[in-house]
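Residue numbers (our numbering), protein chains in the order written: chain R, 3 to 351; chain E, 3 to 351.
If several chains are the same, the list does not tell them apart, and a pair holds so long as it fits within one copy or across any two.
For lysine-lysine, the following DSS-like pairs were computed, each having C-alpha atoms within a straight-line distance of at most 27 Å: (1) K30 / K78; (2) K132 / K159; (3) K110 / K194; (4) K78 / K209; (5) K12 / K110; (6) K256 / K341; (7) K12 / K111; (8) K30 / K111; (9) K110 / K78; (10) K198 / K219; (11) K78 / K33; (12) K159 / K306; (13) K30 / K110; (14) K268 / K306; (15) K12 / K198; (16) K30 / K219; (17) K219 / K12.
Just so you know, the hints here were simulated from the structure itself, not pulled from any lab data.
Since we're looking at a predicted model, the values are computed, not measured.
Residue-level listing of the chains:
There are 2 protein chains.
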Amino acid sequence: MTEQEEHKPKTTNISTLGEFGLIDHLTKNIKHFHPNTLMGVGDDAAVVDNGNTLTILTKDLLVEGVHFDMVYTPLKHLGYKSIAVNLSDIYAMNARPRQVMVGLAVSKKYSVEALEELYAGMLLACERYKADMVGGDTTTSHAGLFISITATGEAAKNKVVYRSGAKPGDILFVSGDLGAAYCGQLVLQREKQVYKANPEMQPDISKYAYVVERQLKPEPRADIIDLLEKAGVQPTAMIDISDGLASEVRHICKSSATGATIYEEKIPIDQRMALTAHEFNIDPTTCALSGGEDYELLFCIDQKDYDKVKDIAGIHPIGHITEAGMGANLVTISGQQLKLTSQGWDAFY
Amino acid sequence: MTEQEEHKPKTTNISTLGEFGLIDHLTKNIKHFHPNTLMGVGDDAAVVDNGNTLTILTKDLLVEGVHFDMVYTPLKHLGYKSIAVNLSDIYAMNARPRQVMVGLAVSKKYSVEALEELYAGMLLACERYKADMVGGDTTTSHAGLFISITATGEAAKNKVVYRSGAKPGDILFVSGDLGAAYCGQLVLQREKQVYKANPEMQPDISKYAYVVERQLKPEPRADIIDLLEKAGVQPTAMIDISDGLASEVRHICKSSATGATIYEEKIPIDQRMALTAHEFNIDPTTCALSGGEDYELLFCIDQKDYDKVKDIAGIHPIGHITEAGMGANLVTISGQQLKLTSQGWDAFY
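Here chain R stands alone, though its shape is the one from the complex:
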């Protein structure tokens, strides 16, 4: 090693740690000073005991060129989605939305009318899910649009559901159907290439309306939270599906110190998603396990509560929680048992 090299500061590429590794690494030195901070980093949202109820806090960024592409994203949809994905985190704590704050960094290419569209979408989501927009910050960016939303929620003290409450024997449920948002993105990206090759061509995406809408305008599952409450059932653990079913099952297992087994045949798949997936030569199960951005809820129900929830429309049992030593596994339609990984599953198990 030359003297030069010796004094060069060490630089590690962010990608070597991965998203979750990086967050774990950066947040490991956090200390809390307030006993009423009940949950910090490590769940869908933070939880603060305000003495009366619990306040839930969450924050999600949407970055142009990373989370959305202005070529095929209508600004009103983008505004709606930016609020929806944050509220999804609030519902995933079994809480209800209260306030949102909006941080925007905007480059010169956006006009006042463009921002009006963005705000119209945000306010539509706020109206639908009853969240009060209470402020934020608007500033300049030199490159594209950055949207930073913070949402607050509220829950009674005994109502918040963490990722960590699952126990062996609990039944794993998922709402809605999975994989469509990812297929919608595949369609939009393909049409973008077609458009770039020939801007005169008007793409016909009506055939893909369902999957495209799932990508552009997801709805947080407020209805599921209400139905479970009405049924008198509180999940033991819950998370929303932003990164894909496989990753979220693993999050619950890690936080709860359990294993889990899910069954491929039980994973809810919409036919319109399956058709699109086949068109792209992708296995629909892959889309469900790894696609992400479905913003459905994955939750665990104590066996004793099964009868209370089994007739609720739109939720599907997909497996059960096991002892930690069992790991997180997928049983395929052909009866093979595969280990779930954050990328989907490990065929070499």
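Here the structure of chain R is known, so what remains is to put chain E in place on it, guided by the hints.
Positioned in the frame of chain R, the structure of chain E alone reads:
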């Protein structure tokens, strides 16, 4: 008008509205659904009644190339400042910090070690001002570093101070000294040019240590909030100085429906700032009125409380609140009365 022009959507450049005009325009359609949302857009922070105490919410973005320049900004300082400017908004509501959430969009040029420095600075500010870092979101950016911080605070129900409570006869006070952060930025920008012309040259900025530190590492005035409480005095209105004294005086006048008169000779100026300002051929009063980023507190005190606060070190009476019709004015050292504008003052009054 050709048919083409007729169908072209109207596009208005953002700069035609200005920062405050744009925010007013975009937020004018906001509706609130929750009666416990006491204050939304329009103050340093939002205020929510949680039934027990008040929860304060604020959010500030820092964008590379807009709010900071990586050539002369140490990452640890940047992390510290990103928390400090948000906590300043919490103190400006006469509240105390509780939690912070961190949103980062990071381009590939940043290493893990760079983010460690950034977090070390953020956690140092959290430790100093007792704020719990409770989560957030870390994602990729294609261009530079975007920092979005949300801070929460807490205050007893009768303790929050808005911008809107000033009344004629109140005395206007400001903490610390003003204009130095702006002078620090002038020095750093000049040294950047010197460095670009000759990278071998090591700039000597020790002479400018005070003004440079005021720019790179501002401290929110927690101490002033504590001293006022100890003196048994609650300001009638308060705001932190992020955009410059002139702009903040006008914010208080607008929110409180009053006028104000401030006196140039009373504006607290540090000699080190004045020397630097003269070196750049700028009037020190201009720096104080228009420079911004001082993160000092501007507040109004009822005349009956004057005796209780007059001996508090580090706060300075600079003028008084008048009737709305009087406008916001500056009386210069030479006795001229000038109208304050958001840019500083209007010499053609």
